[in-house]
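K.L.:
Kindly produce the complete structure, drawing on both the sequences and the hints.
Number of protein chains: 2
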Amino acid sequence: MVTIKDVAKAAGVSVATVSRVVNNGPKVSDKKREEIKKIMADLGYRPNANARALVSQKSTTIGVVVPDISDPFFAVLANGIDKVAREHNMQILLSTGGHTAESERQAINLLLERRCDTIVMHSKKLPAEELVGFSKAVKGFVVIDRYIKAIAERCIWLDNLEGGRIAGRHLLMLNHQNCACIMSNFAIDDPVHRHNGFKEVLEASGVALAPELVKYAEPNPQGGKLAAQELLASGKPFSAIFVYNDAMAIGVVTTLEDNGFRVPQDVSVIGFDNGILAQFSRPKLTTLDYPVEEMAQHAAKLSMALAAKDQTPPKQEQKYVPLLVKRESAARM
Amino acid sequence: MVTIKDVAKAAGVSVATVSRVVNNGPKVSDKKREEIKKIMADLGYRPNANARALVSQKSTTIGVVVPDISDPFFAVLANGIDKVAREHNMQILLSTGGHTAESERQAINLLLERRCDTIVMHSKKLPAEELVGFSKAVKGFVVIDRYIKAIAERCIWLDNLEGGRIAGRHLLMLNHQNCACIMSNFAIDDPVHRHNGFKEVLEASGVALAPELVKYAEPNPQGGKLAAQELLASGKPFSAIFVYNDAMAIGVVTTLEDNGFRVPQDVSVIGFDNGILAQFSRPKLTTLDYPVEEMAQHAAKLSMALAAKDQTPPKQEQKYVPLLVKRESAARM
DNA sequence: ATGAAAGCGCTAACAG
DNA sequence: CTGTTAGCGCTTTCAT
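From first to last, the protein sequence lines are chains A and B.
Position one of the first sequence corresponds to residue 1 (my numbering), numbered consecutively onward.
Position one of the second sequence corresponds to residue 1 (my numbering), numbered consecutively onward.
Treat the hints loosely; a few may be bogus.
Since the list gives no way to pick one copy over another, a pair counts as held whenever it fits inside one copy or between any two copies.
Cross-link-like lysine to aspartate or glutamate pairs, in silico, DMTMM-like; alpha carbons within 20 Å at most [as the list claims (entries may be wrong)]:
{"id": "1", "residue 1": "K58", "residue 2": "E113"}
{"id": "2", "residue 1": "K5", "residue 2": "E113"}
{"id": "3", "residue 1": "K38", "residue 2": "E113"}
{"id": "4", "residue 1": "K319", "residue 2": "E294"}
{"id": "5", "residue 1": "K83", "residue 2": "E102"}
{"id": "6", "residue 1": "K136", "residue 2": "D42"}
{"id": "7", "residue 1": "K83", "residue 2": "E328"}
{"id": "8", "residue 1": "K284", "residue 2": "E257"}
{"id": "9", "residue 1": "K83", "residue 2": "D68"}
{"id": "10", "residue 1": "K9", "residue 2": "E257"}
{"id": "11", "residue 1": "K124", "residue 2": "D71"}
{"id": "12", "residue 1": "K37", "residue 2": "E113"}
In short, the hints are calculated from the structure, not lab data.
P.N.:
Here it is as structure tokens:
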């Protein structure tokens with residue numbers, strides 16, 4: 001591999017001069033600049049990013065921690081980050097965190113060893129204090145999809161409580177009196193918040209959310225299927241279900257139809273995420289839009305801004321609220 | 001940030017000794033080893049990956065070039081690579097290539113600057129010679145989803161021609177006499193091969209593929225919709241359509257139904273990919289399974305094997321053949 | 001078993 | 001405008 005020395009030798013100049021042209025630095029005569037550029041091209045010189053990072057103490061990669069890149073939700077999240085990364089000539093260093101505290105810790109550790117000065121982390125399991133610790137070690141540390149009060153200015157998050165409320169209000173408006181709720185059984189806050197918000201508005205209107213009509217399962221179609229079966233087995237009547245996410249909702253709809261219930265004529269279903277599945281399922285899913293890509297872009301920009309400055313930013317909240325997308329799966333009772 | 005020197009000083013040993021325990025090297029007394037480990041933990045020492053890469057001339061990242069990570073197909077591909085990367089304690093450095101030769105070139109360039117010694121590249125636009133060139137510069141250079149004769153031993157690819165044949169045979173077996181074909185209009189080989197294979201078996205059975213029944217559009221649901229409308233507008237009757245991929249097929253099915261055709265009673269549809277969409281659309285899509293994840297894992301393993309050895313591997317082909325998945329969208333005529 | 005020292009390829013003062 | 005030089009943090013002979 002050709003090094004800066006090789007270029008310097010070939011050009012009959014010092015490495016310093018070559019370095020200057022590589023970095024578009026000033027104080028190089030146009031003549032030499034062109035000469036050196038030509039030689040670099042001829043030799044196929046590529047500056048060693050590791051060496052540059054080592055000496056300049058700054059990396060050109062943005063670290064990203066997500067549990068699993070094959071999940072469309074996280075793929076879109078990564079894509080949002082990638083878009084702004086490219087604008088800044090940076091690349092994504094991906095560290096998949098899985099769904100345990102230990103694997104999340106390991107994921108970010110690898111990023112830290114690479115000295116990423118900008119990191120966007122999706123962490124659900126690591127204790128808040130630990131995340132606060134990272135925010136001290138890494139200037140551009142940003143948390144996405146979680147709110148931690150102590151580092152509120154570094155958090156980009158979705159108001160899941162309000163999401164639950166919105167779903168509840170919509171169902172109420174459609175005149176549903178017997179509502180069910182299917183949430184993820186993952187031990188994270190999101191399903192709890194969505195459930196609470198949902199329950200809150202129902203009860204405020206005097207509509208009870210029967211405990212038998214609240215089920216938990218894995219947040220995928222199979223989980224939705226299982227939960228829907230439980231709901232059916234309970235014998236309790238219901239005319240609407242608020243489901244944790246679109247993937248589960250698809251499973252719920254299928255199961256409902258397999259059991260002779262039409263959606264939305266007999267049962268209304270509201271999903272969450274507004275991912276690709278929602279638009280192409282039959283019926284098309286009424287759901288809550290989770291602006292992941294936008295949030296991811298925001299997170300990436302914030303991360304870079306933080307990494308660039310030295311002052312701590314204002315402690316402002318960066319909260320997003322999901323938007324109701326009315327399609328075909330929820331109708332008036 | 002604490003360095004190896006700090007650890008050495010705190011432990012009262014030389015940096016060499018610390019380096020040995022970091023790398024689990026031999027020739028360190030157990031006593032010191034433990035002492036040093038403790039001190040590293042206390043100090044929160046993290047070896048600088050850039051410095052290590054610089055001196056050891058080997059990176060612990062596997063470079064990945066894909067056009068766009070938000071596409072589920074590439075997300076799954078990246079996931080396959082990530083899985084084997086993790087097994088080898090490596091991470092993914094993602095470089096999105098977009099869909100032009102220039103952006104592909106730029107994407108891999110960044111990886112080269114990082115001195116990735118293992119790279120899995122999805123390239124459709126770069127000329128073959130250029131890819132051959134990279135394979136000389138990077139020991140672990142592997143191409144996925146494309147066959148280049150000169151570096152066949154570094155290519156993991158799908159036999160799209162055979163894919164087209166399989167679709168054709170299936171439709172023939174279902175007794176279809178009027179077949180249509182909707183392909184991607186991207187300027188790459190895949191749609192050409194699929195179309196050719198399809199046409200080949202039809203004609204071998206004396207069934208013509210009418211030119212009016214071959215349409216091209218963007219490989220997404222919207223493109224499928226447009227192409228299906230053109231097909232309908234042509235006035236030519238058809239009872240089956242072979243569609244470039246599942247995403248388009250979804251658009252095709254919707255359009256067909258909106259126009260009063262039932263799938264598969266009136267028209268059969270065969271997709272390609274067997275992605276998440278195929279399982280949850282209504283009707284469930286009959287499609288050709290593209291084993292992306294498996295291929296990606298294979299590619300990653302190959303890349304690492306190549307990077308590790310010095311001999312060039314045997315010139316064996318690493319071809320995959322898509323598998324017909326019968327679901328609900330194709331039926332007997 | 002341990003340490004001293006020579007770089008890896010590059011940037012950034014500091015001289016000139 | 002250009003060159004010299006001192007590291008960045010780490011691995012790795014080569015001595016001891």
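K.L.:
Each of the hints needs a verdict: does it hold here or not?
P.N.:
Right, here's what the structure says about each hint:
Taking the shortest alpha-carbon separations for K58 and E113, both the intra-copy value of 12 Å and the inter-copy value of 15 Å come in at or below 20 Å. Taking the closest pair of Cα atoms, K5 and E113 come within 20 Å of each other only across two copies (16 Å); inside a single copy the shortest separation is 28 Å, beyond that limit. Taking identical chains as interchangeable, the C-alpha atoms of K38 and E113 lie at most 20 Å apart only when they sit on different chains, with a minimum of 18 Å there against 36 Å within one chain. In this assembly of identical chains, K319 and E294 lie within 20 Å of each other by CA distance solely inside one copy; the values are 12 Å within and 39 Å between copies.
Proximity of K83 to E102 under the C-alpha cut-off of 20 Å is restricted to the inter-copy arrangement: shortest distance 17 Å between copies versus 29 Å within a copy. With identical chains, the CA atoms of K136 and D42 are at most 20 Å apart between copies only, with a shortest distance of 17 Å across copies and 44 Å within one. Proximity of K83 and E328 under a CA criterion of 20 Å is satisfied in neither setting, with 32 Å inside one chain copy and 38 Å between copies. Both within a single protomer and between protomers do K284 and E257 lie at most 20 Å apart by alpha-carbon distance, with minima of 14 Å and 14 Å respectively.
For the identical chains of this complex, K83 and D68 are neighbours both inside a copy (19 Å) and across copies (10 Å), given an alpha-carbon limit of 20 Å. When the C-alpha separation of K9 and E257 is checked against a cutoff of 20 Å, the pair qualifies neither within a copy, at 75 Å, nor between copies, at 70 Å. For the identical chains of this complex, K124 and D71 are intra-copy neighbours only, at 16 Å inside a copy versus 24 Å across copies, given an alpha-carbon limit of 20 Å. In this homomeric assembly, K37 and E113 come within 20 Å of each other (Cα to Cα) only across copies, at 17 Å, whereas the closest approach inside a single copy is 33 Å.
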